[in-house]
Amino acid sequence: MSADGEFLRSVFKSMLRGRILENKLSSLYKAGKIVGGVYLGKGQEAVSASLGASLVQGKDCFAPLIRDQAGRTAFGEPLIDCTRTYLGSVEGPMKGRDGNIHRGRPEMGMPAMISHLGAQVPLIAGMLFAKRLKGTLDGCVGATSVGDGATSTGAFHEGLNLAAVEHLPLVIVVANNQFAYSTPNTRQFACEDLVDRAKGYGVGGHSVDGTDLLACASVIGGAVRLAREGGGPQMVVANLLRLGGHGEHDDGSYVPDSERNGKYGRDCIEVAIRQLAEGGIATVEEMAVWQDEISEEVQRAVAQAQQEPLPDPYKENWTALSTRFPISAE
Amino acid sequence: MSADGEFLRSVFKSMLRGRILENKLSSLYKAGKIVGGVYLGKGQEAVSASLGASLVQGKDCFAPLIRDQAGRTAFGEPLIDCTRTYLGSVEGPMKGRDGNIHRGRPEMGMPAMISHLGAQVPLIAGMLFAKRLKGTLDGCVGATSVGDGATSTGAFHEGLNLAAVEHLPLVIVVANNQFAYSTPNTRQFACEDLVDRAKGYGVGGHSVDGTDLLACASVIGGAVRLAREGGGPQMVVANLLRLGGHGEHDDGSYVPDSERNGKYGRDCIEVAIRQLAEGGIATVEEMAVWQDEISEEVQRAVAQAQQEPLPDPYKENWTALSTRFPISAE
Amino acid sequence: MSVTYIDAIREAQETLLREDPRVFLYGQDISAFGGAFKATKGLADAFPNRVFDCPISEDAMIGLAVGAAIEGMRPIIEMQFADFSSIAFNQIVNQAATHFYRTGMPIPITVRLPSGGTPGSGPFHSQSMEGIYAQYPGLVVVTPATVSDAYHMLIDSVKLDDPVLYCEHKFLYRWLKSKKINGEHLPIGKARIARPGKHATVVTYSAMVHEAVRAADRLQADGWEIEVVDLRSVKPLDLDTVLASVARTGRLLALGEAFPWGGVTAEVVAKVTEEGFHLLDAPPQRLNARDTPVPYHPKLWAAHRPTPESICEALRKLLSF
Amino acid sequence: MSVTYIDAIREAQETLLREDPRVFLYGQDISAFGGAFKATKGLADAFPNRVFDCPISEDAMIGLAVGAAIEGMRPIIEMQFADFSSIAFNQIVNQAATHFYRTGMPIPITVRLPSGGTPGSGPFHSQSMEGIYAQYPGLVVVTPATVSDAYHMLIDSVKLDDPVLYCEHKFLYRWLKSKKINGEHLPIGKARIARPGKHATVVTYSAMVHEAVRAADRLQADGWEIEVVDLRSVKPLDLDTVLASVARTGRLLALGEAFPWGGVTAEVVAKVTEEGFHLLDAPPQRLNARDTPVPYHPKLWAAHRPTPESICEALRKLLSF
Ligand SMILES: Cc1ncc(C[n+]2csc(CCOP(=O)(O)OP(=O)(O)O)c2C)c(N)n1
Ligand SMILES: Cc1ncc(C[n+]2csc(CCOP(=O)(O)OP(=O)(O)O)c2C)c(N)n1
Ligand SMILES: [Mg+2]
Ligand SMILES: [Mg+2]
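Line by line, the protein sequences are chains X, V, B and E.
Per numbering that gives the first Met the number 0, the first sequence starts with residue 0, numbered consecutively.
Per numbering that gives the first Met the number 0, the second sequence starts with residue 0, numbered consecutively.
Per numbering that gives the first Met the number 0, the third sequence starts with residue 0, numbered consecutively.
Per numbering that gives the first Met the number 0, the fourth sequence starts with residue 0, numbered consecutively.
Hints are computed from structural coordinates only; laboratory data are not their basis.
All values derive from a computational prediction rather than experimental measurement.
By construction, the Cβ of each residue, glycine as well, lies at the ideal position given by its N, Cα and C atoms.
Pair ranges (Cβ atoms, derived): (1) X/266 with V/134: 46 to 52 Å; (2) X/107 with E/41: 35 to 41 Å; (3) B/14 with V/90: 40 to 46 Å; (4) B/0 with X/262: 46 to 52 Å; (5) E/13 with X/56: 33 to 39 Å; (6) B/0 with X/56: 54 to 60 Å; (7) B/301 with X/318: 15 to 21 Å; (8) B/213 with X/9: 51 to 57 Å; (9) V/133 with X/262: 37 to 43 Å; (10) X/308 with B/31: 41 to 47 Å; (11) E/309 with V/302: 33 to 39 Å.
Here chain X stands alone, though its shape is the one from the complex:
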């Protein structure tokens, strides 16, 4: 298998992990077993996994967003972190204090997002900036993704501009799924193509069909490579559609049929299966085996999380400061 082939196989496995895990979360949500909301990345796995798989955990940093289950998996987040959080286990990375899509492990280079859209852009820039000061930036990349809606935030603008001024190896993937919650792009921006913004920031600009695994792996992988080699910030606009509601509470009925049946309405997993099979990168049988294996992994992660204790308010350490005041004079 060529390096490219290996890469595609790994991206695809992460896509599958994302999809299967999220399908399970969706069922659990419908069964009333989930704590909090469920926001899925269905239809965005090729983009997300291509980004995550292009990064090296322990070296790079990655601030995933709400539709990045596949990318998290590709970056190396264990499935159990996810199931623990959704099922409210106190063993989860957030210990019940924060939830679901907010989970993160900053110590492994994967910060925990806050809800406020765009806010992770300058944060990732700061991680890279610190690496430069520490002398460890060489060959590193920091990545984050945002939606079409998040491009309207001041945080996105200030963060990307700052990263450009500092010439940091930041890769920002705009998952342009045509809607922000129910709001269509026509009410979000007026430019012809979001990628036109790149020039105005002085960063690299790339477009890709987000439903096409081969294209995503190549364009997103290429953007990561450019950043890694010192090309400065790169912005990738991936065009696609969210194959579900904004969250599982939403049926997404505001998405017109013309969009659903349009060019971005296709399922990137189906496209990927075809592409891998046709390209001789993985056989259909092989992929079916992966699917079964992952389904079992997911079942195990769910089962384990379900057995674990919930957070206990009486044992909770109710403090938001790491310093214990009063501290004594030296």
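Use these hints to put chains V, B and E with the ligands onto chain X, whose structure you have.
Then chains V, B and E with the ligands, alone, in the frame of chain X:
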């Protein structure tokens, strides 16, 4: 005199008014007669006056910024508003409550800026949006200016994007004077030219040499016309240099000689005098007369403001609400 | 037939749109979609070109509203969650709040803040920011606790010439129901006795009014009669009504759902002790949420905010002095 | 030779840069220019690649700092004026403040806020935001009033693992001088008796400490001995020292320069009455700025904030009970 000639004469008179008034403010500042800081538009008068003179008071709206004395005058702000504010007269438009460059008369379509850079962009958009709802938008324009530094604010981004989405007749002039306080453009943005941002917002983009009256009148006047005729938001990047410090407390010694002696280091007033004379639009003698007349106007405005009472804390209405609580039930 | 708290908010907006051509609604997903909480359901249809979806730009949303107000309009801005108003903070506290004092021109905007905690919402969809905004001169901050107040106070907020932060509690949206919306109502700036009593006064607002009443009901069994004052608006704060109640009971518990440092409860205690020290028979007490972000897990959340149990405990302590 | 308050801030940053490789400075115009107030003068030369000018992007500045802190650095961010931190509000209160509780990883950033009023600075260059930030769990808010504290508390702020809002008062920058910086100092979280007395306690912080001492000196002529407590940090707030003082004097005036609703003075009064009600011989009083934006004209400004005269008046009232 052709319409163009009349326009240029009026722009130039406003430039002169701005310059002469500000020279006086500078002397008063050095003499310790001014309340608060003094921020001057020296070198930016061609840009500012071209914008102000392209607008119609009573119809358009204009949110001036710190270096817009010439534009304020062109829009119709009386000189006395300025001297009253700087000299602390209680008769001024802000009654001593706010100062100097913050002064405004929202009722005449000229809102009072807050210090936070970029904040007036969405505000002007809102004034235009309201006009549309009221059915009075037709043929109107709203304008504001920002510096190179202010383009890095989230407010600028959110405001301009929103104006583009709403397709409002907003003209935003970026007075790119190469520095934000002491910070050079290299630490402010990484794009080759700020005008490259226009496409990313889906707005018209224009560049102009801000030291060249003829060019400013034509490009800024043209952008205002485009907006007025329904062309949507227009962004003009005017390149120039601030011919002084950030404020009168600052000598601007961080501006390298190469810039001072470079193409934007020339004085737009000198350029304008030459252009008007050479174009047969005004004679040098005529312009000298204007200068004398304006100097007298300025003297009168200063003298009047100096005679007026200062604000009196015992007479001050110390309330930030227009509603008088407790209000009675209906 | 019954009306919920969110219905009342929707109805108020409908009334306002119908009766006042200066009113328009601007917010994320509020047009055809009807808003994240359906507070504007159907209004875009009924009032074409008066209800607008906007980009995810909270700062610009308030900037636009202030500009529109300068031009004589009365915008209502929906924040999708109160927590996201942190992005609009500058426009709210510096542009809108200062405008009248600086220029003499008032800014009649109403910012709807879906506030307060609900189970599973976590640190960024649960905040109570009334005590933040109330610190700024030039802002009015209202916190309706009943279905009728949700309706009338929204109408009155829009009628006020000043910027109003209308803090609507998400927990009450569908849970709180009423037969109908009362015709009579108090003006903004007047507090209300939500439950009369004579042994102690709980001063509170918004969702905590209901928790306080629950706690009071429980203590009734032990013979205690607890008075609950619903502030209705936290700025202005109706000290007269509060002092009159404390004069009757001699005991004060200030109760709120916000973080424990400062805020409404501190202001209430400070005002009462300054002006009504002689009325107090016991040290005034405060009960707020805990000093951490609002936790996401319902088990932690329920222990983070005051509960009928913890309110009873605080009241028992207060009554024991 | 004497050291000013701003010198102390500069020296502290120099010490920190010298002694701790994790420290860097990020802010507008702070590099070659040395900052709007010259608090970083010469530091860019002395420490190349440790002091950075940045774009006018307050939100991103704090975002960057939090990211750098995650990577183990200890950034000091200079806001050009405290007032502009309104733009960074979200990153401060939602990103930095919540991080430790949410993830277990503390965020050791220090945000320098040039705070408070000076004549002619107006509504947007004069604000005192300590009472805003102190409301948020997870933030430490310090307010040095002396040259030594300006130095040591900045050093200590950077040493703390938590995010600190370091509120430095612009009025003290050049006006406040000291022979030298004391070696000994109190830790953050401990208040200080700035002036001993026995008839009444003024609890205050930052520039108002000096106005309070002036007022106390005047009342001395009438035989009143006023104790002034300098809180030093408003969160955490050293209630023990405050209560001990009130126990001695029986009378409390909480004094601050911020807006009058809520804030530090309300928290002080509420805490003291909750825990030390029995110590009070008179209703605790508050004195704050007026309920308007900070006016620009010096004549209005001087009457907007508390003055020795208005403090004396408040104290006379307090002593008359
Ligand atoms: C600053 C801010 N405003 C509002 C929200 C509420 N909100 C959460 S997701 C969302 C839509 C996001 O759209 P987009 O960025 O396109 O991402 P997508 O959901 O389409 O992946 C909104 C408005 C938020 N999280 N942050
Ligand atoms: C949000 C914000 N941050 C910081 C400041 C402080 N400040 C005032 S003017 C200025 C420089 C502005 O530069 P630019 O926008 O280029 O305008 P210029 O002064 O060059 O005309 C700064 C940093 C401010 N007013 N607003
Ligand atoms: Mg989207
Ligand atoms: Mg500039």
